[in-house]
Amino acid sequence: MNQPASAYFIEERHDPNETHTLSVLVQNEPGVLARVIGLFSGRGYNIESLTVSETEAQKHLSRITIVTTGTPMVIEQIKHQLDRMIPVYRVVDMTLTKRSIERELAMVKVRGQGEHRVEALRLADAFRARVIDATTESFVFEITGNTDKINQFIDLMRPLGLVEVSRTGVAAIGRGPEGM
Amino acid sequence: MSDKSHDPNQMTGAAMIVRALIDHGVTDIFGYPGGAVLPIYDEIFQQSEVQHILVRHEQGAGHAAEGYARSTGKPGVALVTSGPGATNMVTPLTDALMDSIPLVCISGQVPTHLIGNDAFQECDTVGITRPCTKHNWLVRDVNDLAKVLHEAFYVATSGRPGPVLVDVPKDVQFATGTYHPPRKSDVHRSYAPRLKGDASQIRKAVSLLASAKRPVIYSGGGVINSGPEATRLLRELVEVTGFPITSTLMGLGAYPASGKNWLGMLGMHGTYEANMTMHDCDVMLCVGARFDDRITGRVDAFSPGSKKIHIDIDPSSINKNIRVDVPIIGDCGNVLGDILQVFKAEAKKPDIKSWWQQIAQWRARNSLYYKKSNDVILPQHAIQSLFEATRGKDTYITTEVGQHQMWAAQFYGFEEPHRWMTSGGLGTMGYGLPAAVGVQVAHPDSLVIDIAGDASVQMTMQEMSTAVQYELPIKIFILNNQYMGMVRQWQQLLHGNRLSHSYSEALPDFVKLADAYGCVGLQVHKPADLDGAIHEMISVKRPVLFDCRVAALENCFPMIPSGKAHNEMLLPEQANDEATARAFAGGKALV
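Residue numbers (my numbering), protein chains in the order written: chain R, 1 to 180; chain G, 1 to 591.
Everything labelled a hint here was simulated from the structure, so no lab data went into it.
As the structure is a prediction and not an experimental result, all values here were calculated from the model.
The reader is advised that the hints may include incorrect statements.
As the list claims (entries may be wrong) - Computed far set for chain R versus chain G, every beta-carbon distance over 10 angstroms:
{"no.": "1", "residue": "51"}
{"no.": "2", "residue": "86"}
{"no.": "3", "residue": "102"}
{"no.": "4", "residue": "112"}
To be verified - Computed list of lysine to aspartate or glutamate pairs in EDC-like fashion (alpha-carbon distance at most 20 angstroms, straight line):
{"no.": "5", "chain 1": "G", "residue 1": "147", "chain 2": "R", "residue 2": "76"}
{"no.": "6", "chain 1": "R", "residue 1": "59", "chain 2": "G", "residue 2": "144"}
{"no.": "7", "chain 1": "R", "residue 1": "79", "chain 2": "G", "residue 2": "314"}
{"no.": "8", "chain 1": "G", "residue 1": "213", "chain 2": "G", "residue 2": "186"}
{"no.": "9", "chain 1": "G", "residue 1": "196", "chain 2": "R", "residue 2": "83"}
{"no.": "10", "chain 1": "R", "residue 1": "59", "chain 2": "G", "residue 2": "314"}
{"no.": "11", "chain 1": "G", "residue 1": "308", "chain 2": "R", "residue 2": "29"}
Unchecked claim - Label-pair restraints from in silico Cβ distances:
{"no.": "12", "chain 1": "G", "residue 1": "323", "chain 2": "R", "residue 2": "111", "range": "50 to 58 angstroms"}
{"no.": "13", "chain 1": "G", "residue 1": "185", "chain 2": "R", "residue 2": "130", "range": "20 to 28 angstroms"}
{"no.": "14", "chain 1": "G", "residue 1": "495", "chain 2": "R", "residue 2": "146", "range": "49 to 57 angstroms"}
{"no.": "15", "chain 1": "G", "residue 1": "113", "chain 2": "R", "residue 2": "146", "range": "28 to 36 angstroms"}
{"no.": "16", "chain 1": "G", "residue 1": "323", "chain 2": "R", "residue 2": "122", "range": "48 to 56 angstroms"}
{"no.": "17", "chain 1": "R", "residue 1": "38", "chain 2": "G", "residue 2": "48", "range": "50 to 58 angstroms"}
{"no.": "18", "chain 1": "R", "residue 1": "96", "chain 2": "G", "residue 2": "196", "range": "19 to 27 angstroms"}
Beta carbons are placed, not taken as given, at the ideal position from N, Cα and C, and that holds for glycine.
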């Protein structure tokens, strides 16, 4: 293939993409989330999901869980780029440790009557979703699980009158006695 | 209350800023006043330890601070006001980030109660500069100011150096609080750059080096940033191993250009021998360089048969563009010291005689050849004449960006580090003139020359006024071909010779311009007059604009065309129309 007339070498990359979950321990200070997000947008990395909250108030530590996709080389770059930011303490690739638990919470609003309503309740029960709000024509279910499970539940609710969904994004933690 | 008034550490935020500068050994800063920094300027007025250089545009302050930093190894400091003052700093901050230059920028901000109000001269400075600084801070409480200032200096100068910015609202400058001198606890606990290389990786590196048949050392700006010890160790390593060495644009001077193992610069406009050595080597030692796209050319054909060792203080430089076999994270000086120690104890100089014979054949191609003329000055010849005239003098060179920059890198021989200030990563036209101002402030008695192009130099020409005001005898050596030469070169090679907007229709008369600024203007057209004019430029103890009229259509070779590998360089003698058309993929007919 002819290169276009460019000062840059334009290369097509064919490495397969992988999905990784990264846990990032940061100093909770103004702008820290903007730094992390800016890194992803500025360098063209993907964010599939992002969850952040202060986890140790006394030490001003927040934990950011990022689900990202990229080639193995890009994933390695992302980790190094995150790690060199001044307020970042540690970056752990939860996918590489193979010993992590991932959970996401979703609230799913379904509107319907008659057979649809009964079916929604039955499925919710099978998925261990809880009813946290109900009217005569609607439910709000709360469901916790990994991303696939929640996707599956939402797909099943769609024909039964799905109205809207609010999801937290993935939170992850390692198994066993050690912290990150 | 009365106790506090006698406490010498009780002071206004503005006074803290000046005190912190003094505590960090800052003697010169570059800046431009404005509403949001007036309290700081008031403090500057009332002291004499920190000299303030008034520039004509904030971008000039940033590049001057970069030149100052790059020529001294100390951090450069710039002081600018809020809003446009801060946005004008974006280019120098980005430039310093790309080239790892320690820069501390202090910017004024509107008072805290007006932040977010679209106040006069307000902008989201920390938001705008977040991606172009190593770190930045908005200080909302005067009692945090000392800590932040000390941390800013530490972050700028430690690890991989870079620019930082401290944004200080005007009410914080006025408020009184407690200052403290620099202390360890001022720094984020999460920031701890790694300096020492891993011992087992160093052993692996040494065993690769010891068994190399076709080795090369490829060094970069990291060696210079690491300090004089790294330069000394690099030279010793070359001596002990007998290996050939090449360098990036940023690394010139770490190994002397007169050294016998020197191959010249590598990369897009590097020498044939440097690029061929890189391509055919079996062991590559990369020290403080980052496999930039202007170095590697086509990445899938970059030095295909070699084992690669990469020393870098920044883990994100490792495996970014090129996969390496032995990464060593650490400070160049530190790691080079360890490598040398192990090498001297356990290895002996490998026999690479046949490799040097091969290199001699590549050298014989004379890839920097150009045809001199008696009628018109060739730009390469102008740089060579400048080099000869300044050889042995205490000289610092800055450049703008373009053909003249590449010719300067090719034809000016640097013997020592910190003597070459150029915008490598960002490629900022307009860098060289204000950078020369900064270098001259740091080295008042040295010869400081900006090798410039007629297009670049007009981007920051206003700083001549700064040079005149502070009696800084900088020499602006303009290779004037009336074109944006590098743009035109690409248009000739890749865009069917359609010279779209790369010709300056209305250049100023640089001699008259020099006169208007109150400095010295010189102009030369004929090769025979060149040496005399250069000597005149050097002997004048005032700022000089030197208008060197050179061959208008000369292009910069050798060159690796885009999408090509190191061993597919275009050499000057091949750079006729037909060969050029063939070399460039997509080969459009050249006129």
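Comparing the hints with the structure gives:
The claim that residue 51 of chain R is not at the interface with chain G holds, since no C-beta of that chain comes within 10 angstroms of its own (minimum 20 angstroms). With a minimum CB-CB distance of about 4 angstroms to chain G, residue 86 of chain R fails to clear the 10 angstroms threshold, and the non-interface call is violated. Distance check for residue 102 of chain R against chain G: the nearest CB is about 25 angstroms away, which clears 10 angstroms, and the non-interface claim stands. The beta carbon of residue 112 of chain R sits about 45 angstroms from the closest Cβ of chain G, which is more than 10 angstroms, so the claim that it is off the interface holds.
Our distance criterion of 20 angstroms between C-alpha atoms is broken by residue 147 of chain G and residue 76 of chain R, whose separation comes to about 33 angstroms. Between the alpha carbons of residue 59 of chain R and residue 144 of chain G the distance comes to roughly 17 angstroms, so the proposed pair stays at or under 20 angstroms and holds. The suggested pairing of residue 79 of chain R with residue 314 of chain G holds, with an alpha-carbon distance near 12 angstroms, which does not exceed 20 angstroms. For the hint pairing residue 213 of chain G with residue 186 of chain G, the CA-to-CA distance comes to about 49 angstroms; that exceeds 20 angstroms, so the pair is violated.
With a C-alpha separation of about 18 angstroms, the suggested pair residue 196 of chain G and residue 83 of chain R falls inside the 20 angstroms cut-off, and the hint holds. As the CA atoms of residue 59 of chain R and residue 314 of chain G are separated by approximately 27 angstroms, the hinted pair breaks the 20 angstroms bound. Proposed proximity of residue 308 of chain G and residue 29 of chain R is contradicted: the alpha carbons are some 40 angstroms apart, above 20 angstroms. The hint said 50 to 58 angstroms for the Cβ distance between residue 323 of chain G and residue 111 of chain R, and at roughly 54 angstroms that hint holds.
Checked against the given bound of 20 to 28 angstroms, the beta carbons of residue 185 of chain G and residue 130 of chain R, roughly 47 angstroms apart, lie outside it. Restraint check, residue 495 of chain G to residue 146 of chain R: a C-beta distance of roughly 52 angstroms satisfies the suggested window 49 to 57 angstroms. For residue 113 of chain G and residue 146 of chain R, the hinted distance range of 28 to 36 angstroms is not satisfied, since their beta carbons lie about 47 angstroms from each other. In this structure the supplied range 48 to 56 angstroms holds for residue 323 of chain G paired with residue 122 of chain R, their Cβ-Cβ distance being about 53 angstroms.
At roughly 41 angstroms, the beta-carbon separation of residue 38 of chain R and residue 48 of chain G lies outside the given 50 to 58 angstroms, and the hint is violated. For the pair residue 96 of chain R and residue 196 of chain G, the beta carbons lie near 25 angstroms from each other, so the given range of 19 to 27 angstroms is met.
When each numbered hint is compared with the structure, violations occur for hints 2, 5, 8, 10, 11, 13, 15, 17.
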